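**Student:** Listed below, chain by chain, are the residues.
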Amino acid sequence: MAAAARPGPGVDELALLEKLLGLPKGNKYGVQGERKVPVLQTNNGPGLTGFMTIAAHLVKQAKKDQLLGSTAEEKAVVQQWLEYRVTRVDGGSSKEDTRIILKDLNIYLEDKVYLAGNIFTLADILMYYGLHHVMVDLTVQEKEKYLNVSRWFNHIQHYPGVRQHLSNVIFIKNRLYTNAH
Amino acid sequence: MAVTGTLYTYPENWRAFKALIAAQYSGAKIKVLSSPPHFHFGQTNKTPEFLRKFPVGKVPAFEGDDGFCVFESNAIAYYVSNDELRGSTKETAAEIVQWVNFADSDIVPPASTWVFPTLGIMHYNKQATEFAKEEVRRVLGVLDSHLRTQTFLVGERVSLADITVVCALLWLYKQVLEPSFRQPFVNVNRWFVTCLNQPQFKAVLGEVQLCEKMAQFDAKKFAETQPRKEPPRKEKPPKEEKKKEEKKAAPEEELDECEQALAAEPKVKDPFAHLPKSPFVLDEFKRKYSNEDTLTVALPHFWEHFDPEGWSLWFAEYRFPEELSQTFMSCNLITGMFQRLDKLRKNAFASVILFGTNNDSSISGVWLFRGQDLAFPLSPDWQVDYESYAWRKLDPASAECRTLVKEYFLWEGEFKHVGKPFNQGKIFK
Ligand SMILES: N[C@@H](CCC(=O)N[C@@H](CS)C(=O)NCC(=O)O)C(=O)O
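Chains D and X are the protein sequences, given in the same order.
Each residue of the first sequence is one higher than the one before, starting from 1 at the first, in the UniProt record's numbering.
Each residue of the second sequence is one higher than the one before, starting from 1 at the first, in the UniProt record's numbering.
In short, the hints are calculated from the structure, not lab data.
Keep in mind that the hints are not guaranteed to be accurate.
[Unchecked claim] DEER-style ranges, computed between Cβ atoms:
(1) D:GLU110 to X:ARG392: 32 to 40 Å
(2) D:GLY22 to X:GLY67: 33 to 41 Å
(3) X:GLY57 to D:LYS25: 54 to 62 Å
(4) X:ARG319 to D:GLY45: 46 to 54 Å
(5) D:ALA15 to X:GLU178: 45 to 53 Å
(6) X:ARG392 to D:GLY22: 50 to 58 Å
(7) X:GLY413 to D:SER70: 35 to 43 Å
(8) X:PRO199 to D:GLU110: 19 to 27 Å
(9) D:ASN44 to X:GLU178: 56 to 64 Å
These figures come from a predicted structure and were not determined experimentally.
The beta carbon of each residue, even a glycine, is placed where N, CA and C say it ideally should be.
Pulled out of the complex, with its shape left as it was, chain X reads as follows (with noise of 0.2 Å):
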């Protein structure tokens, strides 16, 4: 009979998604709990009721309906699994096995060493960086010429061993793998990519983009996700305070993203606490929009207090247009995005237009940030569609922005830049 249970973990964990992804092929109903009010990351698996049940206070941990407690990915996985994944002669077994401690010994660490310090959770380490690359390609070339004659990694069929290393080369191939690093294992490429589109993969993983540009270390993003390593210092600390954190400072090194994760998570909070206060007051423009006509009050009561220090305008534009066919279908899009971004809604403002008709369409939009940067790096649930989209920044005196805020806010004008007529907007705010 298949397993039922729940699985704790923090959003879009990919050690979660063995178990995920394992469920969809054996039928293993799985609740997900990952986001408050039920599942803290940091605060729930630290208490005595979490630990109790879960001694290590680590996720993703898994909870069986019938009382069964598991933690561990992969014992996760495993267990939600059905014969065919955990392979069902001793020797398919033991190969799956093999793989599935190859992708933690052997993948996992270069990995992250090379992947974490992109994402902005982890210090860049020259050295350490250009060895892991070096090993990520010693790891590529072992599973290419085993792919070389395998389908899959065991056997003729998926197995825990594809779902495992999947995930485990889910992050080189979104953030650093570019065309020209990944080229040479073209068995490997077909074999990842096979997987990314099984159906059963789908459903947990979505569409996966495959990274298009090695991403690099970004010493501004690390700086903001580390709110406990770099406290606001008017003046020196005192003594007591700075030994605690060089204590602290010492493993730092050592750090796995979830720890990372953990520590970015005060800032996930209030990612704009450390921002000066802006005279803009960004409420009351939504105020003037929702109530008052667009272009004799909404647009002049904008540019009046509009502040360029404290807030900045964006121009976003969909970069796969060609995949947009039908029109109800692009509108989910837009107002999917709006729904990840709902946590944004006090500190952005945008309005997003699909232009066009059934499989001739394209989406731009004109977004209000508070701040100068993209707050989307912050979160993982913000990244979704982030990346999907071209961003440029606009200069608030230039005469291109001020048509830009005018027709976009306004629903209407030339849209000189789109070249097909206004279909529909959406407002985010």
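In isolation and in its complexed conformation, chain D is listed as follows (with noise of 0.2 Å):
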């Protein structure tokens, strides 16, 4: 698993997200600063700043606000995951800090098939985004160990158009290692 620090989710991860939505291309991304943080440079206005900020406009853009989350709870459920994703996710570097968010992802999974809870969001995919290389990294067993986060991780990269030129990372679906429930 890596142990350098990654750089902050960038310009190529925007790409993606636009292709997903269905948004033409034409947007022009900048980056600022020592942390390369993304800007998009808008017509009329000042420019975006900031991953997530930019990943919502996109959203709004492509009228597909659903997938911030329909209900309150829900919209915040999203913001919840969302700055998980850039403090934690991006954040963390460690083998450590990896376990711990799979292990808090897994609890958090068990009874839910999306991250808002029942319905797909930007959350979802963003966090498929940001764990894609830690998943590729896993072992048969630990993917069985996080059970709750591979069936997730699974169906998030089987939604139309998320995973795009992304590897397909395999899951077994039948136990092969541990016995217990």
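Please assemble the complex out of the two chains, which come individually in their own frames, going by the hints.
**Tutor:** See the structure below:
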């Protein structure tokens, strides 16, 4: 698993999101500062700065607001996981950080199909992009240990339009190692 | 091109739900005919015209605008689906058929045995029920291990498999799968709740209330909904009749819910017919209530003529006040209930009040009903709201009852038990 700190989410991921949302190409991005924070040049007004700000903007541009959650509660949960994505998933770099993230998520997803509960949202999309490099490296045993994360990840990677050029992570559906529930 | 046509069924038929949910996904346009005068279950489906199109005479039955006719609920759901729901490869299509058949062969029989007696539409047999419970446990176990690694039953999207199995489990989850029974089946629960919350399911099923306490066989309810089996018998019936009756009684155990619905049908028309005449004339009271002063005329009239033997008074309180956000939505909740209870107007009267304001409200009311029992279980239409309220029978002789009747009928008073100010009231009459 990656040991060095990863660069924050950037322009590449925004391009994936644009394509998934069915937006025409043409948004112009720049980066700002040492951490290469993405900036979106808009025609009117000042540019938008920051990955999550731009991601939310793209969703609205595509008129898919439901991806940000429908009820107030859903919206809050989506925000919560987007923040988790940036601070914990992108911020963490050690093996231990990764282990804790997977453990947290595994518990959380035991009784939920999507991060916001019952509905597919931007949180699922960006968490999938953010965790792809982690999931690719998991052993079969680890995938089984984090069964709920695996089931969720596999579902999201099959969601129409999400995976694109990213590699398909293989999950074995029968129990290999554990007998326990 | 999306299918368009008409679905014949009786109201709230879970078999019909399969096609209706599938249509939500595919965009098929389905008109539902489920009540008179357009479709009268037990009569329309026995007419030569119907039988010509649907020789089995059962519902649901589907007639396309182009004249294409098909019966059997699974076939109808298949027909109104799109390719995603049916499975786009041979393998996924086969797996979908597998689960559809599994639902009919492994879920529906034990589910019916267990649930129907609790609805008062089938005899209770302890041994059969216990056996059915174990079968349900086994089936849930099978589904649970499958859904451990799967989000939906087949592939990574909702298919006819999910629609069919959810509908087959619906009554179980509503009536008997109380939290402790369903708790071990985490994966089934997750999948089931997620399906229920997909907009396409919600559009057909509405809010589904999962069982909180396992419903038990209700002998009284059963007797009330079985008019054909317990004819009023003053004297011993002549021999011949008795024979006929025995013949009828024999296949009773096999009766499915539809025939039961049929059996209950005449009762539904006038569920109060069996009650002795009452001196209290509801219409007279309603006239007074509508046209004259409540405090000085209607209320005294009410207590003067009220017949505690032929009528009962109930206090009903909405069980989920925390869900009441916007005032106008709460009002719709009340008026919606009144509409669904339309057929009860001759036998009931109520004042239901919304207290409080947005995000801090409660709903409660005082109901007057013909007879000593709540009539709701007698008709599926009436059951929609019934379970959302806590019902408490009032003792008409008690001071509490007098106060409640006075305050609720008058829309004025302390409303001591409420603790929120009066917002608005609605009268069911
Ligand atoms: N396997 C059939 C069952 C249909 C069925 O039993 N329909 C009942 C209503 S639930 C019916 O129409 N019964 C009328 C009768 O038997 O006369 C399906 O799934 O459509």
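**Student:** Within 56 to 64 Å: is that where the Cβ-Cβ distance between D:ASN44 and X:GLU178 falls?
**Tutor:** holds (58 Å)
**Student:** With 46 to 54 Å as the target window, see if X:ARG319 and D:GLY45 comply at their CB atoms.
**Tutor:** Distance hint for X:ARG319, D:GLY45 holds at roughly 49 Å.
**Student:** Given the hint of 35 to 43 Å, check if X:GLY413 and D:SER70 actually sit that far apart at their C-beta atoms.
**Tutor:** holds (40 Å)
**Student:** Please test the hint of 33 to 41 Å on the beta carbon pair from D:GLY22 and X:GLY67.
**Tutor:** holds (39 Å)
**Student:** Using the beta carbons of X:GLY57 and D:LYS25, state whether their distance is inside 54 to 62 Å or not.
**Tutor:** holds (59 Å)
**Student:** Kindly confirm whether 45 to 53 Å is satisfied by the beta carbon distance between D:ALA15 and X:GLU178.
**Tutor:** Holds, at about 50 Å.
**Student:** Is 19 to 27 Å respected by the C-beta to C-beta distance linking X:PRO199 and D:GLU110?
**Tutor:** Since X:PRO199 and D:GLU110 have Cβ atoms about 24 Å apart, the given range 19 to 27 Å holds.
**Student:** For the range 50 to 58 Å, tell me whether the beta carbons of X:ARG392 and D:GLY22 fit it or not.
**Tutor:** Between X:ARG392 and D:GLY22, where Cβ atoms are some 55 Å apart, the hint holds.
**Student:** Between D:GLU110 and X:ARG392, is the Cβ distance one that fits in 32 to 40 Å?
**Tutor:** Once the Cβ atoms are compared, 38 Å apart, the range 32 to 40 Å for X:ARG392 and D:GLU110 holds.
Taken one by one, the earlier hints all hold for this structure without exception.
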